[in-house]
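K.L.:
Here's the letter readout for the chains.
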Amino acid sequence: MASESGPRLVEVPEDIALFNRFCLEQRWGDGLPLVPPTAERVCEMLKHTRRAPHEVVATIAPALGLATVEAIAINAVLAGCYPEYLPVLIAAAEAVAVPDYNLPSNQTTTNPAAVWLIVNGPIARRLGVNGGNNCLGQGTWANATLGRALRLILQNIGGAFPGDMDRATQGQPGKYTLCCAENEEANPWEPLHVERGFARDASTVTVVGPLGTWSINTHTRTADDLLRVIGDTMAFPASSDYAYGGAPWLIFAPEHAQILKRAGLSKTQVKQGLWERSKLAVSRLAVEDIGHMKNARAGELGEIGPQTLLPVSVRPEDINFIVAGGAGTHSVYLPNTGHGRSVTCEIKP
Amino acid sequence: MMASKLWVHDPVAARHTAPRQYLHVLDGLAGKVVGFIDNAKPNFHVLVDDVADLLVTRYGVASVIKHRKGGQVAVDEAVIARFAEQCDLVIAGSGD
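Protein sequence lines, in the order shown, are assigned to chains A and B.
Note that our numbering has the first sequence beginning at 586, numbered continuously upward.
Note that our numbering has the second sequence beginning at 3, numbered continuously upward.
Next up, chain A with everything else stripped away, as it sits in the complex:
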């Protein structure tokens, strides 16, 4: 599919401060300084894909905006991306539009739903996407601008403007940007994209809709204790994952991953172990929330009483994880909205 018309050209002040004031009035931005998407910059970015500028990559909810290759490139320039980042964002736009991701809900919910980009494969190293020390923090251009560009795509193309269609009660800092690579060198198992059926030398982007990040700091040296404390951390009563049977995520610190690997555990066994150790008694939920949960999960769990132990997800394999970060005993828990599912797409030139 191709869009019939190209983007509108707008005359703006050349002065960068005045340009940013203009953008603020137009609601083009995220509150941080923007780069003017001039024809030259957009054209330079478009050189990094074989796809036609007017090709429609995806329709982005809730406004059903047409994410053409060119529209994605314009927002990538606006966010400060280097031109070679474009294929990652094209794949990310495809991924968020897959129905399993549940974008209409993710874009309009009162939950603080971010979009987390996980980049796997050779392109992560080539573009300098950080999967090591401080990979969710500041300081890496690719991580900062790729996540930011997707947010601008969701806002400017998808129409999820804060306070209007984006109904987040508080939102979260991850809505500015949330992007990292998997630390494949420090991962003792197969990386995420291989687990999901892609070739090891393929490059992929995975989109996830987390509600936040929670550090799990434990110095335990045993796999059983590690799974126990992580499972216990996952089990909190105001969690949408438990209410609906979700698909939560974890980032294992390389040190924690090594403990599990040395114990002989596969990824499947780690997921099974976490699923069993993260069950939550129904009695810990608020009465009203029990009603919601029953409405959503009665078909799955049968009769539900106060002592019923709720699994965080319908199946153990619905728990997902990557290995990322540097030295240290900190893993991360990322609860989800309960409905959306992560989607992985291959990044192609």
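FYI, nobody ran anything at the bench for these hints, they're computed from the structure.
Note that the structure is predicted; figures quoted are calculated from it, not measured.
Check before you lean on any hint, since a few could be wrong.
List of simulated lysine-lysine pairs, DSS-like, C-alpha gap at most 30 Å [said to hold, decoys possible]:
| hint | chain 1 | residue 1 | chain 2 | residue 2 |
| --- | --- | --- | --- | --- |
| 1 | B | Lys-71 | A | Lys-864 |
| 2 | A | Lys-856 | A | Lys-846 |
| 3 | A | Lys-856 | B | Lys-71 |
| 4 | B | Lys-68 | A | Lys-879 |
| 5 | A | Lys-864 | B | Lys-43 |
| 6 | A | Lys-632 | B | Lys-7 |
| 7 | B | Lys-43 | A | Lys-879 |
| 8 | A | Lys-856 | A | Lys-632 |
Counterexamples of contact, computed for chain B against chain A with all Cβ distances above 10 Å [stated by the list, open to error]:
| hint | residue |
| --- | --- |
| 9 | Ala-15 |
| 10 | Gln-23 |
| 11 | Ala-54 |
| 12 | Asp-55 |
| 13 | Gly-62 |
| 14 | Ile-67 |
| 15 | Ala-80 |
| 16 | Arg-84 |
| 17 | Val-92 |
| 18 | Gly-95 |
| 19 | Asp-98 |
Heads up, the beta-carbon is just placed ideally off N, CA and C, and yes, glycines get one too.
Add chain B to chain A, keeping to what the hints say.
P.N.:
Chain B alone, transformed into the frame defined by chain A:
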């Protein structure tokens, strides 16, 4: 002195603008079947129960059918097909 200007691309994209057509316009509610898609938000079903009573007693609606979603997800295709077959009018819950 005039401030310098430059031209940039508008980052706000075109919207999907496929023409929408009503299948038919209702001439009234009397004798019609009304469907409600409950989005499972608190009290939606309470509101719908009251509205359903009013539709039947005051406006002569023949019957009301309801479907409660499991959460903030798309409605199953089978449910959409059933409502399309049985209802003259369907109202879907949105938001809180």
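K.L.:
With reference to the structure, classify each hint as holding or not holding.
P.N.:
For each hint, the structure was consulted:
A hinted pair counts as satisfied when its Cα atoms are at most 30 Å apart, and B/Lys-71 with A/Lys-864 qualifies at roughly 25 Å. For the hint linking A/Lys-856 to A/Lys-846, the alpha-carbon distance of about 13 Å falls within 30 Å, and the restraint holds. Our distance criterion of 30 Å between C-alpha atoms is met by A/Lys-856 and B/Lys-71, whose separation comes to about 29 Å. The straight-line distance between the Cα atoms of B/Lys-68 and A/Lys-879 is roughly 18 Å, inside the 30 Å bound, and the hint therefore holds.
For the hint pairing A/Lys-864 with B/Lys-43, the CA-to-CA distance comes to about 25 Å; that is within 30 Å, so the pair holds. Of the pairs offered as hints, the one joining A/Lys-632 and B/Lys-7 holds, with about 26 Å between alpha carbons and a cut-off of 30 Å not exceeded. Restraint check for B/Lys-43 and A/Lys-879: the C-alpha separation of about 13 Å stays at or below 30 Å, so the hint holds. A threshold of 30 Å between alpha carbons decides the hint, and for A/Lys-856 with A/Lys-632 the separation of about 42 Å lies outside it, so the pair is violated.
Not every beta carbon of chain A lies more than 10 Å from that of B/Ala-15, the smallest distance being close to 4 Å; the non-interface claim is violated. Here B/Gln-23 stays apart from chain A, with its beta-carbon at least about 17 Å from theirs, past the 10 Å limit. With a cut of 10 Å on Cβ distances, B/Ala-54 stays outside the contact zone with chain A, its closest approach being about 19 Å. Every beta carbon of chain A lies more than 10 Å from that of B/Asp-55, the smallest distance being close to 22 Å; the non-interface claim holds.
Here B/Gly-62 stays apart from chain A, with its beta-carbon at least about 31 Å from theirs, past the 10 Å limit. Listed as a non-interface residue, B/Ile-67 keeps its Cβ farther than 10 Å from every Cβ of chain A; the least gap is roughly 18 Å. With a cut of 10 Å on Cβ distances, B/Ala-80 stays outside the contact zone with chain A, its closest approach being about 14 Å. Every CB of chain A lies more than 10 Å from the CB of B/Arg-84, the least distance being 18 Å, so the non-interface label holds.
Non-interface status of B/Val-92 relative to chain A is upheld: no Cβ of that chain comes within 10 Å, the nearest being about 18 Å off. At the 10 Å boundary, the C-beta of B/Gly-95 stays outside the reach of chain A, the nearest C-beta of that chain being 13 Å off. A beta-carbon of chain A comes within 10 Å of the beta-carbon of B/Asp-98; the shortest separation is about 7 Å.
The structure fails to meet hints 8, 9 and 19 from the earlier list, while all remaining hints are met.
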